[in-house]
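Spelled out, the chains give:
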Amino acid sequence: MNTRSEHAPLVHMQDIEKHFGNVIALAGVSFDVTPGECHCLLGDNGAGKSTFIKTMSGVHKPTKGEIYFEGKPMSFDSPRDAMEAGIATVFQDLAMIPLMSVSRNFFMGREPTKGSGILKRFDTDTANEITMEEMRKMGINLRGPDQAVGTLSGGERQTVAIARAVHFGAKVLILDEPTSALGVRQTANVLSTVDKVRKQGIGVVFITHNVRHAMAVGDRFTVLNRGKTLGTAQRGQITPEELQDLMAGGQDLVELEGSLGGTV
Amino acid sequence: MATETPTTTDERIKTESFMAGLMKRPELGAIAGVVLVTLFFLATADASMFTLAGVMNFMSPAAQLGILAVGAALLMIGGEFDLSLGSMIAFAGLVFGACVVTFGLPLFVAIPATLGFAALCGFANGQIVVRSGLPSFIVTLAFLFIYRGLSLVGLKWATGGSTQLRGVRDATENDFLARFFSGDAFQGTFTALAEAGVIDTFNNGVPKVPGVPVEILWFILVAVIATYVLLRTPAGNWIFASGGDSNAATNSGVPVRRVKLSLFMLTACCAALVAIITVLDSGSTDARRGFQKEFEAIIAAVIGGCLLTGGYGSAIGAFFGAIIFGMVLIGLSYTQIDQDWYLVFLGGMLLIAVLFNNMIRKRVTGER
Chain B
5 MNTRSEHAPL VHMQDIEKHF GNVIALAGVS FDVTPGECHC LLGDNGAGKS
55 TFIKTMSGVH KPTKGEIYFE GKPMSFDSPR DAMEAGIATV FQDLAMIPLM
105 SVSRNFFMGR EPTKGSGILK RFDTDTANEI TMEEMRKMGI NLRGPDQAVG
155 TLSGGERQTV AIARAVHFGA KVLILDEPTS ALGVRQTANV LSTVDKVRKQ
205 GIGVVFITHN VRHAMAVGDR FTVLNRGKTL GTAQRGQITP EELQDLMAGG
255 QDLVELEGSL GGTV
Chain L
-3 MATETPTTTD ERIKTESFMA GLMKRPELGA IAGVVLVTLF FLATADASMF
47 TLAGVMNFMS PAAQLGILAV GAALLMIGGE FDLSLGSMIA FAGLVFGACV
97 VTFGLPLFVA IPATLGFAAL CGFANGQIVV RSGLPSFIVT LAFLFIYRGL
147 SLVGLKWATG GSTQLRGVRD ATENDFLARF FSGDAFQGTF TALAEAGVID
197 TFNNGVPKVP GVPVEILWFI LVAVIATYVL LRTPAGNWIF ASGGDSNAAT
247 NSGVPVRRVK LSLFMLTACC AALVAIITVL DSGSTDARRG FQKEFEAIIA
297 AVIGGCLLTG GYGSAIGAFF GAIIFGMVLI GLSYTQIDQD WYLVFLGGML
347 LIAVLFNNMI RKRVTGER
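The listed protein sequences derive, respectively, from chains B and L. If you count the first sequence from 1, position 253 lands on 257 in my numbering, and the numbers rise without skipping. If you count the second sequence from 1, position 95 lands on 91 in my numbering, and the numbers rise without skipping.
Keep in mind that the hints are not guaranteed to be accurate.
Stated by the list, open to error - Covered by chain B, according to a simulated footprint, are these stretches of chain L (three or more residues, beta-carbon under 8 Å):
| hint | region |
| --- | --- |
| 1 | 231 to 237 |
| 2 | 244 to 256 |
Claimed, not checked - With a cut-off of at most 35 Å between alpha-carbon atoms, the simulated DSBU-like pairs for lysine-lysine come out as follows:
| hint | chain 1 | residue 1 | chain 2 | residue 2 |
| --- | --- | --- | --- | --- |
| 3 | B | K65 | B | K232 |
| 4 | B | K65 | B | K76 |
| 5 | L | K204 | B | K118 |
| 6 | L | K358 | B | K200 |
| 7 | L | K358 | B | K141 |
| 8 | B | K118 | B | K175 |
| 9 | B | K124 | L | K358 |
Unchecked claim - One-sided and incomplete, this derived list gives chain B residues near chain L with beta-carbon spacing under 10 Å:
| hint | residue |
| --- | --- |
| 10 | L98 |
| 11 | R108 |
| 12 | F111 |
| 13 | V188 |
Because the hints were derived from the structure by calculation, they are not lab data. The beta carbon of each residue, even a glycine, is placed where N, CA and C say it ideally should be.
Go ahead and model the full structure; you've got the sequences and the hints to work with.
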């Protein structure tokens, strides 16, 4: 494994195994992410990506293996535990409510308050201000904080979800296929958001099966196949073609690619 | 609205006019409805409808319905229904009547007991819905019959065979709490106003309107508190979130179950409050009390801008929705129109409101 020496990893997952009954979903996966890097986790459908990040974010408990968070062994009982420790996950459904305004979504479940006792109330002014500010930092100018999330594009929604995780103190940000349903331009926006987040010293785990998206922002690339890590490569040490081959499990794709004229 | 100016603006977003912003408020439909209905009756009804006495006349039933409608609106925004509301009125009326007449309890015991009992019933409703994950529509439909049946059985038990329990007025006549839940408030003010010649009086100098019926004050109080909670507290945000997408809300740390349970309890308490007010007012309680009120409350909430799917709506809208109801119910008697048009009118209003809400929802979410 190539571990970068300048930073200790934020999260280090060692030989993680996860069995569901007699199905072995993960058969010994090791993975780490350091502050300020974007570590891409690639793999085809069914490779175990989802199971793996759910283990990392506290949804599943590993059958075997160790999770170290900032050097200390950790065991998360729920996603909330992981969130409080600083591991935030932006799942594909984004946990956004289209009918509610951006700022109400932004602070959902964590509303700032002012006043005390019976007069304790939702500090909407602060919420609106922070939302506008955080969104501007991510390069999105909202019409207003009361704009409904339903009116935002897919990429903008993704950005709101990322900005929210960052604002609430994420040290590690797990993005579950953030670009899978987006157009070209929106993908570019999300990738540039990932870059901004990384520059703030947050470790990003970027899950995708699109090699080009991974190459655009990744510092390191780990490929999963059939519940195992096929290896981790530094940026510049691997070509997109090699990554693609690794993901597909080697030979199968070569023939197919020939017939498709290298478009996959 | 935001006070700062964005550094760059997106050229594809047109600046929103004041009107367009207004069009997105959930309560707009209900306010427009009040205006329309008022114009209609100004044109067709006897002028006495809009005198002080006439206004009190239609505000009184509006208030009784409105207390329910505001509770129902909060619950609908939270993503659930309560069809047992009407039966709950009869059931709470029975409990209240039995407390006062059968057990001879004073009001300061009977009222909290009735509210507490209603909260318990709401809790039962809510627990079943939340734990089973079944639609609240079907669970509370079951309770619509259960509570109505229990009211009948209970009344027969309490009275020895009758379905009406009388004697509430005699039992509460001298109770100091009675005047907060029945009769008219501000009587002194109204007498003074009459003496000053500001409001109409009968020939003997007694004001035609003795005061403001207390249910109107309760109605306003409930609507104001509900609106405040909804728009200005974290709990309000949780209600919108729970109704909008309970899964997303749970993932964001909103205690969805607790929110829904509390809303069921609150709605049942609203029904109990209406029961207490109407039972004290009429001096008796019977098994048909609150019949079909659940539908009227839901209609008022929908007219007020609540979506049937939850996550959107307003308490102040339900307030105006209930006023529309009261105006139409009472207003027709001031006109030459046959009163039975009331039901046609009701259905028509509901249909228009649902179509209108659907349009508003699409505007808000930018759906095409």
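Now for the hints, and whether the structure bears them out:
1. 231 to 237: holds (count 5)
2. 244 to 256: Since three or more residues must qualify, the claim that chain B covers the region 244 to 256 of chain L holds, with 6 doing so at under 8 Å.
3. B:K65 - B:K232: holds (17 Å)
4. B:K65 - B:K76: Given that 35 Å is the threshold and the Cα spacing comes to 17 Å, the pair holds.
5. L:K204 - B:K118: violated (46 Å)
6. L:K358 - B:K200: holds (33 Å)
7. L:K358 - B:K141: holds (29 Å)
8. B:K118 - B:K175: The given pair, whose Cα atoms are some 27 Å apart, holds under the 35 Å limit.
9. B:K124 - L:K358: Holds: B:K124 and L:K358 sit about 33 Å apart, inside 35 Å.
10. L98: holds (7 Å)
11. R108: holds (6 Å)
12. F111: Hint holds; B:F111 Cβ to chain L Cβ min 7 Å, cut 10 Å.
13. V188: B:V188 check fails; min Cβ-Cβ to chain L is 17 Å, beyond 10 Å.
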